[in-house]
Amino acid sequence: MSFKKSTESKSPFTTSTSYNTRGATAFNESWVTVSGTTPPVASISGQGIAMASTPVTTGSDRVYFTNSNYLEQSSHCYYSFFQTYVTSIDEAIASGDTFSCSGVTNADNLDATVSRTHIFKVGY
Amino acid sequence: MTYVSDGLNLTNDLQVAYLRWSGTPSLNAYMTFTIDQEVPSTFITSLTQADTQINLPAGHYFAQAYIDYTRTSTSQNNQFAWLVNGTVNGHKGSSDYFHSNTCDVAETAFTLDSAGTLRLQITGVNGSTLSLNDPHCVAIIWRVDK
Numbered sequence: 000m001s002f003k004k005s006t007e008s009k010s011p012f013t014t015s016t017s018y019n020t021r022g023a024t025a026f027n028e029s030w031v032t033v034s035g036t037t038p039p040v041a042s043i044s045g046q047g048i049a050m051a052s053t054p055v056t057t058g059s060d061r062v063y064f065t066n067s068n069y070l071e072q073s074s075h076c077y078y079s080f081f082q083t084y085v086t087s088i089d090e091a092i093a094s095g096d097t098f099s100c101s102g103v104t105n106a107d108n109l110d111a112t113v114s115r116t117h118i119f120k121v122g123y
Numbered sequence: 000m001t002y003v004s005d006g007l008n009l010t011n012d013l014q015v016a017y018l019r020w021s022g023t024p025s026l027n028a029y030m031t032f033t034i035d036q037e038v039p040s041t042f043i044t045s046l047t048q049a050d051t052q053i054n055l056p057a058g059h060y061f062a063q064a065y066i067d068y069t070r071t072s073t074s075q076n077n078q079f080a081w082l083v084n085g086t087v088n089g090h091k092g093s094s095d096y097f098h099s100n101t102c103d104v105a106e107t108a109f110t111l112d113s114a115g116t117l118r119l120q121i122t123g124v125n126g127s128t129l130s131l132n133d134p135h136c137v138a139i140i141w142r143v144d145k
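Those sequence lines, one after another, are chains A and B. So for the first sequence, numbering that gives the first Met the number 0 puts the first residue at 0; every next one is plus one. So for the second sequence, numbering that gives the first Met the number 0 puts the first residue at 0; every next one is plus one.
Isolated chain B, as found in the complex (with noise of 0.2 Å):
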């Protein structure tokens, strides 16, 4: 069968990968991720630096970082940021309203014009490191092709 195409119904399929990370929340580290799903179709092209770098192809994106955390104190609280090729890229996040300048999801909408990394590192320890609560910090990928 074939369909003519009267050039205007181009398309771009939106992709949604579900990972989950984790590791111990000091200072500048990178967090560890486990794919979880990615839908309709995988795109992640590999994960590497033990698994604390995602690397993807060209495209449209938009990333989320969520954190669940244990504390023992109140003023325990971190803040997180997405690195895209290695530069803190968005809003950032945190375990909580984190010294006036974050919110809580990180967030980051970019576009790759050829195969790129993203990352998620600690960018802030108010007290001492929290606990994350493992397998439930998430971090949502959403893609369309460029």
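Just chain A, same shape as in the assembly (with noise of 0.2 Å):
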């Protein structure tokens, strides 16, 4: 697999740097740009392949991008009290160019704090 090269200087990864309830609201690569908030849609050019790790602050949920709703494209949590077994959270996976966050149950309570949202970039 190659990446084709925009800069010399750009990294094809990205990560997000800031969330709210509903999904990531800011990358860490100004290829990446954000809109809206609920949820926030981000925009790459080109294509690009997008990872979220999702905790829930309350109740459980299956979450995962929009237009890639299969269940093994999904992240899959759970909020407890005593936080056990919610090692369980993995990632929702997408490709595309446009990626936002759905949840089946709760779409409003995806982590803040800790919730994150990777790209790769391998196209144009």
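Derived by calculation from the structure, the hints in this document are not laboratory data. Bear in mind that the values here come from a model prediction, so they are computed numbers and not experimental data. Beta carbons are placed, not taken as given, at the ideal position from N, Cα and C, and that holds for glycine. Possibly wrong hints are sitting among the right ones.
Now the stretches of chain A that chain B is said to cover, found in silico as 3 or more residues with beta-carbon under 8 Å [what the hints assert, rightly or not]:
| hint | stretch |
| --- | --- |
| 1 | 30–38 |
| 2 | 107–121 |
Among chain B residues calculated to face chain A with C-beta under 8 Å, some are [stated by the list, open to error]:
| hint | residue |
| --- | --- |
| 3 | TYR29 |
| 4 | HIS59 |
| 5 | PHE61 |
| 6 | GLY89 |
| 7 | HIS90 |
| 8 | THR101 |
| 9 | CYS102 |
| 10 | VAL104 |
| 11 | GLU106 |
| 12 | THR110 |
| 13 | PRO134 |
| 14 | VAL143 |
Hey, can you piece these two chains together into the complex? The hints should help.
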């Protein structure tokens, strides 16, 4: 696999730097733009692969990227008082050029302090 | 044979290193690495500091650390983080949802303008120390040239 260079200095790897309860609101590379808040929508030039790990602050949920709604593409998480067994938090995954998170039961409960989304830019 | 470039078709090959990590996960301890494979070519310069330090060349990186463990109580939880050039970087990982401030995989995206170092440190222990399941604790480092 190869990445086409956009410049000599940009990284094809980016990670979220801030979150709200519906998704990532900012990233650490300038080739990602984010619009909206409910949910925020990340857009990139070309194509990429996004991964999100998303604990919830209450209840449980299956979180997925819009248009990537199969179970194996979703992350599964629940909150418990004793914080046990939630290492089953896994990652939602999607490919494309726009990325936003959706939840099946509690769309507004993503943990804004620890959730994260990464995007690998794989082409133009 | 000679190819004439149109000047727009520069590419960067993706490299991936697959490592395993182990050790006693006590507070502030650095974990020990072994390199399993690097594909399609090697890029890790060396392991030093008793194999707790990964020495890397300049480049763009994305590093992930996954934990596998055995514990005797659900209150035994660890938090761990990547250190880039000695400084905690990225999202912390945990054996569980540690004190509401970690997720389960430690991940960081960073760029090294020159040679640098990467280490994995235990940054939190909740209850008594759990046991890592060697060799199932895994680290994956993605790289492209800078």
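For each hint, the structure was consulted:
Coverage of a stretch by a chain is defined here by at least three residues with a beta carbon nearer than 8 Å to that chain's beta carbons; for the stretch 30–38 of chain A and chain B the count is 0, and the condition is violated. Closer than 8 Å: that is the beta-carbon criterion, and the stretch 107–121 of chain A has 7 residues meeting it against chain B, so the requirement of 3 holds. With a cut of 8 Å, the hint placing TYR29 (chain B) at the interface with chain A is violated, because the nearest CB-to-CB distance is about 22 Å. The beta carbon of HIS59 (chain B) is positioned within 8 Å of a beta carbon in chain A (closest approach about 4 Å), and the interface hint is therefore held.
The criterion of a C-beta within 8 Å of any C-beta in chain A is met by PHE61 (chain B), whose closest approach is roughly 4 Å, and the hint holds. Using the Cβ-Cβ criterion of 8 Å, the hint placing GLY89 (chain B) at the interface with chain A is satisfied: the shortest such distance is roughly 7 Å. Below 8 Å, beta-carbon pairs count as interface contacts, and HIS90 (chain B) has one with chain A at about 5 Å; its hint therefore holds. About 6 Å separates the beta-carbon of THR101 (chain B) from the nearest beta-carbon of chain A, less than 8 Å, and the hint is met.
For CYS102 (chain B), the interface hint holds, the least distance from its beta-carbon to any beta-carbon of chain A being 5 Å, beneath 8 Å. Here the hint on VAL104 (chain B) is kept, as its CB sits about 6 Å from the closest CB of chain A, short of 8 Å. The criterion of a C-beta within 8 Å of any C-beta in chain A is met by GLU106 (chain B), whose closest approach is roughly 7 Å, and the hint holds. Because the smallest distance between the Cβ of THR110 (chain B) and any Cβ of chain A comes to about 5 Å, under 8 Å, the interface hint for this residue holds.
The interface hint given for PRO134 (chain B) is broken, as the beta carbon of that residue sits about 18 Å from the closest beta carbon of chain A, more than 8 Å. The beta carbon of VAL143 (chain B) comes within 6 Å of a beta carbon in chain A, closer than 8 Å, and the hint placing it at the interface holds.
Hint compliance for this structure: hints 1, 3, 13 are broken, all remaining hints hold.
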